[in-house]
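*Asks:* Model the placement of chain B on the given structure of chain A, informed by the hints.
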Amino acid sequence: MTDLMLQPLFELRGVSRYYGGGTREVRAVDAIDLRIDPGEFLVVAGPSGSGKTTLLQLLGALDRPTEGEILFERRDLARLPDAELTQLRLETIGFVFQQFNLIPTLTARQNVEVALAPQRLSRSEREDRVSELLEAVGLGPRGEHLPSELSGGEQQRVSIARALANRPRILLADEPTGNLDSATGEEIVALLRSISDQRGEAVVLITHDASIAARAGRVVRMQDGRLLEPVTPADLTEATPV
Amino acid sequence: MFYVSYMLSELRRRRGRTILTALGLAVGVAVVVTVSALSKGLDDAQAQVLKPLTGVGTDLSVSRPLSLSNSGGGPFGNLSPQERQRLRSENGGPRVGLANLGKPGSHFSRDTFASASQLTFAATRVERIRALDGVKSAAGGLTLAAIHIEGTVPKQNQQQTFGPPGTTQGGGPPRSIGLQPITVSGVDQTRPALGAVTSGQLVRGRYFSPSNSKREAILDVSYARRKGIKLGGSVTLGGKKFTVIGFAKTPLGGQASDVYVKLLQLQKLSGRTGRVNTVYVRATSSDQVAKVSAAIKSSFDGASVTTASDLANRVSGSLVDAKNLTGKLGTALEIVGLLAAFLIASLLTLSSVTKRVRELGTLKALGWRQSLVVRQVTGESLLQGLLGGIAGVALGLGGAALIGALSPTLKATVAQAATQSTGPGPGAFSAFGQGSVQAGSTAVSLGAPVGVGLILLAVALAVAGGLVSGAVGGLRAARLRPAEALRHID
Chain A
10 MTDLMLQPLF ELRGVSRYYG GGTREVRAVD AIDLRIDPGE FLVVAGPSGS GKTTLLQLLG
70 ALDRPTEGEI LFERRDLARL PDAELTQLRL ETIGFVFQQF NLIPTLTARQ NVEVALAPQR
130 LSRSEREDRV SELLEAVGLG PRGEHLPSEL SGGEQQRVSI ARALANRPRI LLADEPTGNL
190 DSATGEEIVA LLRSISDQRG EAVVLITHDA SIAARAGRVV RMQDGRLLEP VTPADLTEAT
250 PV
Chain B
27 MFYVSYMLSE LRRRRGRTIL TALGLAVGVA VVVTVSALSK GLDDAQAQVL KPLTGVGTDL
87 SVSRPLSLSN SGGGPFGNLS PQERQRLRSE NGGPRVGLAN LGKPGSHFSR DTFASASQLT
147 FAATRVERIR ALDGVKSAAG GLTLAAIHIE GTVPKQNQQQ TFGPPGTTQG GGPPRSIGLQ
207 PITVSGVDQT RPALGAVTSG QLVRGRYFSP SNSKREAILD VSYARRKGIK LGGSVTLGGK
267 KFTVIGFAKT PLGGQASDVY VKLLQLQKLS GRTGRVNTVY VRATSSDQVA KVSAAIKSSF
327 DGASVTTASD LANRVSGSLV DAKNLTGKLG TALEIVGLLA AFLIASLLTL SSVTKRVREL
387 GTLKALGWRQ SLVVRQVTGE SLLQGLLGGI AGVALGLGGA ALIGALSPTL KATVAQAATQ
447 STGPGPGAFS AFGQGSVQAG STAVSLGAPV GVGLILLAVA LAVAGGLVSG AVGGLRAARL
507 RPAEALRHID
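Protein chains in written order, with our numbering: chain A, 10 to 251; chain B, 27 to 516.
There's no promise every hint is true.
[What the hints assert, rightly or not] Distance ranges between label pairs, derived from CB positions: (1) B:497 - A:207: 12 to 22 Å; (2) A:188 - B:430: 54 to 64 Å; (3) B:46 - A:136: 26 to 36 Å; (4) A:58 - B:505: 21 to 31 Å; (5) B:497 - A:40: 41 to 51 Å; (6) A:23 - B:365: 29 to 39 Å; (7) A:56 - B:45: 41 to 51 Å; (8) A:149 - B:29: 19 to 29 Å.
[What the hints assert, rightly or not] With the Cβ distance kept under 10 Å, some of the chain A side facing chain B (calculated, not the full set): (9) 66; (10) 69; (11) 95; (12) 103; (13) 108; (14) 171; (15) 172; (16) 174.
[Claimed, not checked] Quick look at which bits of chain B chain A covers, simulated, 3 or more residues with Cβ under 8 Å: (17) 35 to 44; (18) 392 to 403.
Hints in this document: simulated from the structure, not taken from any laboratory.
For every residue, glycine included, the Cβ atom is placed at its ideal position computed from N, Cα and C.
Excised from the complex, chain A in its bound form:
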C-alpha cells in the first residue's frame, strides 16, 4: 500500500452549503464531517431533499462549500481555482447520473470518448480505451448505437464506462438506479461494486433504495442537510426507510 492509500481520499470538516439568504436561506448541507477512504464503497442514503445531491456535487468539485473544508488527497477544494477543479474532475473523478446525461446526438462509443477528448491521447489510444470500457460494462457490440436506441440499463452502463474513461480515483453516482427497474438497478449496483473491488476506485453512491444501500461497505444517512448517526449495511433491510 502506498502512502496515499493510508491517507483518506476525502476529508470533510464542517462543510456547509447554503442557498439564498436571510429568511429564505436553505441549508442544503449543514456542518458535515465525513471521511472517505480510497477504494471504499460508500452509500449516502436519505429521503429526497435531504442534501445528498448537494453533498455529491461538493465532493465532485462541481460546487464550493459556503463553509468548511473539503480535503481531497489533502488539497482543500474550496481554495482551488476553477481551472484546477476542472482538471481534478477530468483526472480523478467519474460521475454517474440518475438520468445518464448521455449526449443524445452521439453514439455510445462517442459518449465514452467525450470524457477522453480533453486528454492528449492518440486516436488509437482513445479508441482502444473506449472499446475496452464498453467491453467491461458488457456493451461491446452496442457501441455504434445512439442513446435513444439503448435501454435504460444500457444507457447507464455507457454512463459508467464514460465515468471510468479517465481511470478516476473515485466514482460519484447520483441515484444511478433511479430511472431503472429494480432488476436492472441491481445489475448496475453490482457492476459498480465489482468495478470498485477490481479496480480499486472508491464509489460514493446516493440512493434512497434500502436494498441497494444494503450492498454498501458503509452507509451514511442524511436528513435536512445533516448526517445522522452512522449505520451499518446490516442495520438496513429492504423495508427500512432511508
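*Replies:* Chain B only, in chain A's frame:
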C-alpha cells in the same frame, strides 16, 4: 478529430434547428448577394450608358471655351487682344451681307466655317499635353460649324446681313437663299482610337486612310439618312468633294458631328492651319485622370477639362433613379437583412444552448475546460454560418439569375449641356468635345452579375454571423455553473 465529429453530429442530428439557423443566415446573405449584384448590374448599366460619353478610349477632353465677361472691356474682356482678334477673324465670316453676294437675281454659293463657342489654339498644345505625366496618348481635333449658303441674291435691302438660325443679329436669310449649317469635325486619322469619331463607332464602311491626300468623309448615320447620302457617295465642304467612306453612329450622350473629315484637310479648308479646338486625351490609368486634368488646367490658361465623371452627372431617368434607390435603400436593406439574420442566428443559438444546459453542464462535470465548451458551441455556430453562407449564395445567385432572366429595362436620359452660343452654329456645342451632344434617352437592360469576390464576401458574412451567434451562445455556455447546469431540467 473528436470535436469536429461532435459538431457534425450535433448539426446532423438536430437537423431542424440547423436548417432554421442556416436558413436565417442564408436569407440575410441572399439579400446582400442579390442587392449587391443588382447594384453591380446598375453600375454596369450606367457604365454602358457612360461609355460612349467618354468616347472610345478618351478619358479627358480639353477645350478652350469662350466665356462671356460682365466686367469692363466688353463681353470678351477676359480674352487677350490676340484671342479677340482671332475670334473676330474666325467667326466674322458667317455674317453674310447681301451686298457682297453679287447682283440681285444672280446665283451664289458660299461655304464658311465658324468655331462658335470654342476658341481654337495652336496644335502644338497637343504635343505639350501628350508630354505630361500620366498621359498615354493625345489627339487634336477641330470641330466647326460649316455653313453652306446657296441661292439667288434678292432684290431687297442690300445692307441686310443674315446668319444661321439661332444667331442674334440679322435674323434668317431671305426666302431665295438656302442655308445649311452642319457640324464638321476634323479627326487626327493617325490615332483612330481617339477623336470625335473613332473606328469603334463605325456602323458601316471603314475608317480614314492614313494618307492626307485622299478626301474622305465619315458621316453621322442619322445625318446621312436625313440627307439620303449613300456609302460611296459624296459631300461637299468648302467647295471640295469628299467621298463618303463610312457611317458612324453617335451613341446617346456622344459627340455628334454631322460630318467627320481628316484634321489637316479641315484646317486647310477653314483657314485654321495648325489650329485645333479640342484635345482628346487618354490617361495611362483611370486613377491618373484627376492628376492629368489638374496638370492641364494649370499649364493651359482658360482650358476646360471634361472627364467622364463630369458627364455622369448629366445622366438621368429610371436607371439613375434605380441606382439612387439601390444606393440608399439597398444599403439599408443589406444592413437590416444582415442584422436580422445575425439576430435570428444568435437567438436560435441561445435557445439551443438553453436547451442543452444539462449537456454542457455534463461536459463541464467530465472535465471539459470552459474554453473547450465555448469552442464547441462556437464551432457549431460557425459550421451553421458556413452552411447558411452556402445556402445564401445559392439563394442570392437564384435572385440574381431571376433579375437576369427578367432583364428589366431601365431608361437613361442624357440632358443637353448648358452652352453659351456666341456665334453661328447649331447652338449645341457641348462641354465635352465640340460636337453637339446627342441628347435623348436610351434603354438599357438590367443584369445582376455575381462575382467571386461577392460570393466570398457573402460566405464571410455568414461565417461572421455564425461567429456572432456562437459568441453569444458561447458566452452563455461559459457562464454556466456546472452544479446549476446539472440541476437543470430539460
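*Asks:* Indicate, hint by hint, whether the structure satisfies it.
*Replies:* Each hint tested on the structure:
no. : hint                      : in the structure
1   : B:497 - A:207: 12 to 22 Å : 46 Å, violated
2   : A:188 - B:430: 54 to 64 Å : 59 Å, holds
3   : B:46 - A:136: 26 to 36 Å  : 34 Å, holds
4   : A:58 - B:505: 21 to 31 Å  : 27 Å, holds
5   : B:497 - A:40: 41 to 51 Å  : 43 Å, holds
6   : A:23 - B:365: 29 to 39 Å  : 54 Å, violated
7   : A:56 - B:45: 41 to 51 Å   : 46 Å, holds
8   : A:149 - B:29: 19 to 29 Å  : 25 Å, holds
9   : 66                        : 5 Å, holds
10  : 69                        : 7 Å, holds
11  : 95                        : 5 Å, holds
12  : 103                       : 9 Å, holds
13  : 108                       : 8 Å, holds
14  : 171                       : 7 Å, holds
15  : 172                       : 9 Å, holds
16  : 174                       : 8 Å, holds
17  : 35 to 44                  : holds (count 5)
18  : 392 to 403                : holds (count 6)
Checked against the numbered hints above, the structure violates hints 1, 6; every other hint is satisfied.
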